[in-house]
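Peer 1: Kindly generate the complete structure, drawing on both the sequences and the hints.
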Amino acid sequence: MDDQTAHKPGFARMALLAAFLLALVHQYLFYGKMPGISYPIFVSLFYAFIFYFAKERMRKQTWFSYVWMGSIGLLSLTYALFGNWFFFVLNFLVIPVLILLHMTYMFSYRKPAWSGFGLIWAALEHLFPQSLRNWGTALKLMRRGKGTIPNERKQVLMRVLIGLLISVPLLLVVTSLLSTADGVFNRLLSTLPDYFYNISLGDWIFRALWILLLGLGMFGFVWGFVHSKSYIRTAPASELDAMAGKLEAAEAGDDGIGIDDPVIITTVLAAINVVYILFVSVQFSYLFGAWDGILPKDSTYADYARSGFFELILVTSINFAILLLSLLAVRKAGGNLKRAIQLLLYILVLCSMVMLYSAYSRLTLYEEAYGYTYIRFLVHAFMIFLGLLLVLAVLRISRESFPLLKCYIVLGLLSYVLMNYIGMDHIIAKQNIQRYAASGSVDAAYLTELSSDVVPELIEFSKQEKGILDEELRSRLSERARPVQNWPSFNLANYREWRALEDYFAEGTVH
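Heads up: the sequence shown at position 269 corresponds to 269 in the UniProt record's numbering, and the numbers run straight through without jumps.
Simulated from the structure, these hints should not be mistaken for lab results. Some hints here could point you the wrong way.
[Said to hold, decoys possible] DSS-like, lysine-lysine: derived pairs with alpha carbons at most 30 Å apart:
(1) K338 x K430
(2) K140 x K111
(3) K466 x K55
(4) K430 x K406
[To be verified] Label-pair restraints from in silico Cβ distances:
(5) L411 x P129: 28 to 34 Å
(6) S317 x L90: 16 to 22 Å
(7) S439 x W121: 50 to 56 Å
(8) A437 x L213: 34 to 40 Å
(9) W121 x A381: 41 to 47 Å
(10) G118 x S439: 24 to 30 Å
(11) L337 x F128: 44 to 50 Å
(12) S439 x R399: 19 to 25 Å
(13) Y370 x Q61: 47 to 53 Å
(14) W85 x L411: 23 to 29 Å
(15) Q434 x F64: 20 to 26 Å
Computed from a predicted model, the values in this text were never measured in an experiment. Every residue, glycine too, gets a C-beta built ideally from N, C-alpha and C.
Peer 2: Put into structure tokens, the structure is as follows:
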């Protein structure tokens with residue numbers, strides 16, 4: 001397919017027809033149904049639709065783009081594999097955003113870089129003005145498709161209409177006679193009114209609007225890439241010269257005093273590092289001894305675990321922001337000043353890592369005392385992620401060519417995918433079961449509120465502990481309906497949950 005083919009009306013009508021067919025599939029897969037295996041199926045079809053009709057606008061693919069697309073595929077598969085409601089809702093927001101940004105990165109006429117806000121602005125431009133502008137194109141194509149009907153065709157249509165009018169009374173007589181002659185045929189005809197009665201007119205109107213609007217939306221989306229209208233404003237020569245002058249002055253260090261001024265940054269880093277070194281020295285007096293019962297005076301384990309946890313996380317986050325800002329000052333500095341900033345940044349990162357470890361250990365103690373939950377698990381994961389960001393920042397301190405932003409994007413994307421697949425519910429259930437073995441205490445109500453992913457494990461635990469969770473599991477079975485019969489909503493975790501509960505209580509064993 002060449003560029004001239006994309007400009008032909010026939011190709012545009014083909015794209016419009018494909019958009020409506022895809023909207024019809026979307027309506028079949030999702031209308032009145034929970035997302036399941038239907039989600040990865042539709043994402044695959046949508047990518048095939050865009051790839052085919054906007055192929056000539058596609059940029060050369062890189063490993064970064066493949067990682068991006070693979071992450072989207074893995075996230076969409078979670079709807080068919082897992083039952084965690086937290087990621088079920090979150091992915092419903094995240095996946096469309098990732099798809100929009102990925103499509104913009106691959107097909108936009110702007111050719112935006114993945115770094116900075118250019119990609120975001122290009123995505124918003126495409127989503128609204130570019131896509132909505134082509135709704136009118138779709139309507140024009142539909143009007144042109146109708147055209148004027150020749151007289152010969154009009155005569156044929158009139159004859160067909162007359163034939164149908166004549167057939168109506170004949171059909172009434174014939175079907176009446178046939179239904180009298182055959183009881184099975186009569187029962188078949190008698191069920192037809194019930195079938196049409198169950199189909200609501202409003203329901204069909206809503207379905208039709210769903211297909212119409214979604215079809216127009218998807219055509220506008222793909223055609224916004226194929227036939228883009230440039231919204232990039234070119235500044236007058238005088239403005240460009242003024243901007244160039246400002247940039248040159250900034251690079252030469254003549255732009256006055258700024259927040260990223262090396263001297264200012266050095267002063268700030270020196271001041272806060274004094275406080276942080278003092279804080280860390282105090283932390284070391286009991287940070288590594290808390291596990292052996294050495295706590296601050298008049299503090300219990302619960303007090304120690306709660307005190308200052310969120311403050312430490314907040315300070316570490318602030319330190320991370322200071323670190324990123326200071327990296328800008330390193331470029332402007334030179335000689336001894338540059339080496340001083342780098343040394344202060346290493347101290348800042350080291351203190352931040354100690355704070356992060358202190359917060360991590362406090363949360364671990366708190367979990368041992370009060371159990372493991374979603375929020376505590378996610379906070380643990382965030383602290384590990386923040387620690388990895390700090391490690392990458394360390395590499396950037398002395399190596400200015402290190403692609404920090406790209407590494408952050410890839411790390412963030414892969415970390416989010418990992419969180420979806422790591423089995424958060426399994427880890428929480430396992431830790432709470434181990435806590436029960438050590439302390440004899442378990443929150444049965446919370447355990448049985450976990451997602452369907454861990455129900456087989458909970459059943460096994462209840463068997464071993466003489467039915468400790470049977471009451472909650474039986475209540476869960478009564479609340480859960482049989483897995484949906486329509487295949488688009490199939491979810492492996494929900495199916496395994498229902499089968500496991502059915503088999504467990506069908507045994508008839510008194511636990």
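Peer 1: Each hint should be assessed against the structure and marked as holding or not.
Peer 2: For each hint, the structure was consulted:
no.: 1; hint: K338 x K430; verdict: violated, 49 Å
no.: 2; hint: K140 x K111; verdict: holds, 29 Å
no.: 3; hint: K466 x K55; verdict: violated, 61 Å
no.: 4; hint: K430 x K406; verdict: violated, 35 Å
no.: 5; hint: L411 x P129: 28 to 34 Å; verdict: holds, 33 Å
no.: 6; hint: S317 x L90: 16 to 22 Å; verdict: holds, 21 Å
no.: 7; hint: S439 x W121: 50 to 56 Å; verdict: holds, 54 Å
no.: 8; hint: A437 x L213: 34 to 40 Å; verdict: violated, 55 Å
no.: 9; hint: W121 x A381: 41 to 47 Å; verdict: violated, 31 Å
no.: 10; hint: G118 x S439: 24 to 30 Å; verdict: violated, 54 Å
no.: 11; hint: L337 x F128: 44 to 50 Å; verdict: holds, 46 Å
no.: 12; hint: S439 x R399: 19 to 25 Å; verdict: violated, 48 Å
no.: 13; hint: Y370 x Q61: 47 to 53 Å; verdict: holds, 49 Å
no.: 14; hint: W85 x L411: 23 to 29 Å; verdict: holds, 26 Å
no.: 15; hint: Q434 x F64: 20 to 26 Å; verdict: violated, 40 Å
Comparing the model with each numbered hint stated earlier shows that hints 1, 3, 4, 8, 9, 10, 12 and 15 do not hold.
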